[in-house]
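Guided by the hints, dock chain B onto chain A, whose structure is given.
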Amino acid sequence: MAANADRAAREEVLARVESWRRRAPKLTDKVVTMAHGAGGKAGQALLEAVIRPAFSNPALDRLDDGAVLEAPPGRRLVLTTDSFVVTPRRFGGGSIGDLAVNGTVNDLAAMGAEPHALALSFVLEEGLAVAELRQIVADAAAAAARAGAPVVTGDTKVVERGAADGCYITSSGVGWVMPGLELGAERVRPGDAVLVSGTLGDHGTAVMVARGDLALASAVESDTAPLWDLAEALLTAVPETRWMRDPTRGGLASAGNELAAAAGVGIRLFERRLPVRPEVAAACELLGLDPLHIANEGKLAAVVPGDRADAAVAAMRSCATGADAAIVGEVTGEHPGLVVIETALGGTRIADMLVGDPLPRIC
Amino acid sequence: MKYIDEYRDPETARVLLGEIEALAADQPQRKLMEVCGGHTHAIYRHGIESLLPDSIELVHGPGCPVCVIPMGRVDDAIAVARADGVTLCCFGDMLRVPGGDSTLQEAKAGGADVRIVYSPLDALALAEREPDREVVFLAVGFETTAPSTAATVLAARDRGVRNFSVFCNHVTIVPPLKAILDSPGLDLDGFLGPGHVSTVIGTDPFRFVPAQYGRPLVVAGFEPVDVLQGVSMLLRQLGGGRCEVENQYRRAVGGGGNRRGLELMREAFVLRPHFEWRGLGFIAQSALALAPGLADWDAEIRFDVPGLRVADPKACQCGEVLKGALRPWECKVFGTACTPESPIGTCMVSSEGACAAYYNYGRYSPRARIPVSAS
Numbered sequence: 048m049a050a051n052a053d054r055a056a057r058e059e060v061l062a063r064v065e066s067w068r069r070r071a072p073k074l075t076d077k078v079v080t081m082a083h084g085a086g087g088k089a090g091q092a093l094l095e096a097v098i099r100p101a102f103s104n105p106a107l108d109r110l111d112d113g114a115v116l117e118a119p120p121g122r123r124l125v126l127t128t129d130s131f132v133v134t135p136r137r138f139g140g141g142s143i144g145d146l147a148v149n150g151t152v153n154d155l156a157a158m159g160a161e162p163h164a165l166a167l168s169f170v171l172e173e174g175l176a177v178a179e180l181r182q183i184v185a186d187a188a189a190a191a192a193r194a195g196a197p198v199v200t201g202d203t204k205v206v207e208r209g210a211a212d213g214c215y216i217t218s219s220g221v222g223w224v225m226p227g228l229e230l231g232a233e234r235v236r237p238g239d240a241v242l243v244s245g246t247l248g249d250h251g252t253a254v255m256v257a258r259g260d261l262a263l264a265s266a267v268e269s270d271t272a273p274l275w276d277l278a279e280a281l282l283t284a285v286p287e288t289r290w291m292r293d294p295t296r297g298g299l300a301s302a303g304n305e306l307a308a309a310a311g312v313g314i315r316l317f318e319r320r321l322p323v324r325p326e327v328a329a330a331c332e333l334l335g336l337d338p339l340h341i342a343n344e345g346k347l348a349a350v351v352p353g354d355r356a357d358a359a360v361a362a363m364r365s366c367a368t369g370a371d372a373a374i375v376g377e378v379t380g381e382h383p384g385l386v387v388i389e390t391a392l393g394g395t396r397i398a399d400m401l402v403g404d405p406l407p408r409i410c
Numbered sequence: 201m202k203y204i205d206e207y208r209d210p211e212t213a214r215v216l217l218g219e220i221e222a223l224a225a226d227q228p229q230r231k232l233m234e235v236c237g238g239h240t241h242a243i244y245r246h247g248i249e250s251l252l253p254d255s256i257e258l259v260h261g262p263g264c265p266v267c268v269i270p271m272g273r274v275d276d277a278i279a280v281a282r283a284d285g286v287t288l289c290c291f292g293d294m295l296r297v298p299g300g301d302s303t304l305q306e307a308k309a310g311g312a313d314v315r316i317v318y319s320p321l322d323a324l325a326l327a328e329r330e331p332d333r334e335v336v337f338l339a340v341g342f343e344t345t346a347p348s349t350a351a352t353v354l355a356a357r358d359r360g361v362r363n364f365s366v367f368c369n370h371v372t373i374v375p376p377l378k379a380i381l382d383s384p385g386l387d388l389d390g391f392l393g394p395g396h397v398s399t400v401i402g403t404d405p406f407r408f409v410p411a412q413y414g415r416p417l418v419v420a421g422f423e424p425v426d427v428l429q430g431v432s433m434l435l436r437q438l439g440g441g442r443c444e445v446e447n448q449y450r451r452a453v454g455g456g457g458n459r460r461g462l463e464l465m466r467e468a469f470v471l472r473p474h475f476e477w478r479g480l481g482f483i484a485q486s487a488l489a490l491a492p493g494l495a496d497w498d499a500e501i502r503f504d505v506p507g508l509r510v511a512d513p514k515a516c517q518c519g520e521v522l523k524g525a526l527r528p529w530e531c532k533v534f535g536t537a538c539t540p541e542s543p544i545g546t547c548m549v550s551s552e553g554a555c556a557a558y559y560n561y562g563r564y565s566p567r568a569r570i571p572v573s574a575s
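Here the protein sequences line up with chains A and B, keeping their order. Quick note on this note's numbering: the first sequence kicks off at 48 and runs consecutively. Quick note on this note's numbering: the second sequence kicks off at 201 and runs consecutively.
Bound-form chain A, shown alone (with noise of 0.2 angstroms):
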């Protein structure tokens, strides 16, 4: 009898036990330690009180060890990455989770390829507060509900203290190419025009504005944002558009000589028609940067037959992150593989790729 009522006890214990086992595990902690990134009870805590219900879609609530995507026939596919580790990881109108989400769903975009699903890998320096790895989830889920591209898979990692510096995101992305459309930098041909989807240089401003060091005050807001909307807009408008590009570190400078490089043309660009906020100048003028170099997260630049440039401004002007899209410049074959600018006074200059890294992890 006695055996029995033990027993009883016992298994009560145990399914009481059990219970609490099936809970949904809590997550108690302020911040961030080695425990969350060792494959146990402490990471599935932070992963289901933080980052799943985030992101959640029926792909990545399997939690399998990947996702697996149906494929429409007949069209190919676009894989692309890209790691973050921009400073600081707020600043003016966005942060680092949403900088990951749209650098990777606008690689796709500049391909010509609409985003269909997202990965997203973290890894966290011990310490980060929990509070802010909500936000800066809550940030890229926000953005790739934006962009339409869910997140079907991903990881966390954490390294020790002074390992890394609070938080790095790599995302990767893959997207369907727009049936029949062929772009590349082969196709652009003397005569093409060459577009820009709007002002320049705003998101290296304004990060370099949230680090403080330069005591300026201005309200510069990063331009990060998903693109594919704008070149959807593009390309359905005119299918013969030949190259695209997101120009982001190096800015529209690199992506231009990069082109050049490729295609052997020249290209020539008009300083009075860049689009340049006048607070974003200002800030490059004090220190002796130059628009052209900046990082832009919310750009595309692209080059079309120069008599459809104005069919091509009109279809990025009918997005709302194409408002201020401008022809710039164009192609020509005189001076192969160099970026001219005309500047304002009629004079030419070059434009060259960035030297050295003055605005260093600007995303």
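Read the hints as simulated data drawn from the structure, not as lab findings. The model shown is predicted, which means the values in this text are computed figures rather than measured ones. A few of these clues could be false.
Okay, the calculated beta carbon distance ranges per label pair [said to hold, decoys possible]:
| id | chain 1 | residue 1 | chain 2 | residue 2 | range |
| --- | --- | --- | --- | --- | --- |
| 1 | A | Asp-354 | B | Val-215 | 30 to 38 angstroms |
| 2 | B | Gly-414 | A | Glu-233 | 54 to 62 angstroms |
| 3 | A | Ala-176 | B | Ser-542 | 37 to 45 angstroms |
Even glycine gets a Cβ: it sits at the ideal position worked out from N, Cα and C.
Relative to the frame of chain A, chain B by itself:
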């Protein structure tokens, strides 16, 4: 930044270019030296060279603070940066300046604590924030930046900040200008005087140029319209047989300079008996050291620096470029062994250096006066 727009106005520039063309038509070939690297940068940045008549040649002068730092001083700065507990603060340009066998950038990658600041006061603030570090400010520049270094070191003294010191490499503009005017075979018709330096020292110190050397000098600002107006004023003097110091940059420069700035400099600095200039050699009384009363804040006294003179690489012709004797593209290593990515000479480092400005902005000329290369 509104004021800048009117000095970049294409219409005003066109009128001035018309004036310059008319003046140049009645004159022989003219070689005008812009003394200051800020002018060199503006000239290329705005494509001004390509707009001037063929008979006007702008020759780039020695007024680029980074360009004139000799390699030995860079080695000294690297030695200080590598010392235990030291944080070396400098302007971004200095990171890539080659020393004898490395750069501050390489020292940083090797573990030295080298940080970029935008003002000497930032370095002092860092010293106050991090009292356990020995913060050293690597001071370079002409009279333009010397007053802010002076104000900073005096503030450190007044506030009793003991973990802050200055590695002083400030130089003065008049001695190298004299050295150029004294060089045999001088082939310059006039000078665009340095606007920024003149905001501090005024225009009076340049009177010796017309008085002793018979060359006109116009102190000019740094916007395209300033430069064009400066060129026009020089041509007017040359055409009219005048030879004097004129001031185009009246909105910022007075004859006697900035009294407060000069006072600060007098309090904080003394003239060095001589100082080595990259490519120009030793020039007497051409540089500033911290005053003896500020020895506690003088990095040269507080740290062991090798203090060795390092000969410039044989292939490097920075000296000739700084004197205006050689145009950047005439240097044997320009754009091949010496590029902004891996500079041999200092003129290729700073954005105000003649070689860097020419490489970055000027390599293509529609007038095809200069060989075009796609690097």
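C-beta pair A:Ala-176, B:Ser-542: status relative to the range 37 to 45 angstroms that was hinted: holds, 42 angstroms
54 to 62 angstroms as the expected CB spacing between A:Glu-233 and B:Gly-414, which holds or is violated: Holds: the Cβ-Cβ distance is about 60 angstroms, inside 54 to 62 angstroms.
Outcome of range test on Cβ distance (A:Asp-354, B:Val-215; 30 to 38 angstroms): Since the Cβ atoms of A:Asp-354 and B:Val-215 sit about 36 angstroms apart, the hinted range of 30 to 38 angstroms holds.
Consistency note: the structure conflicts with none of the earlier hints.
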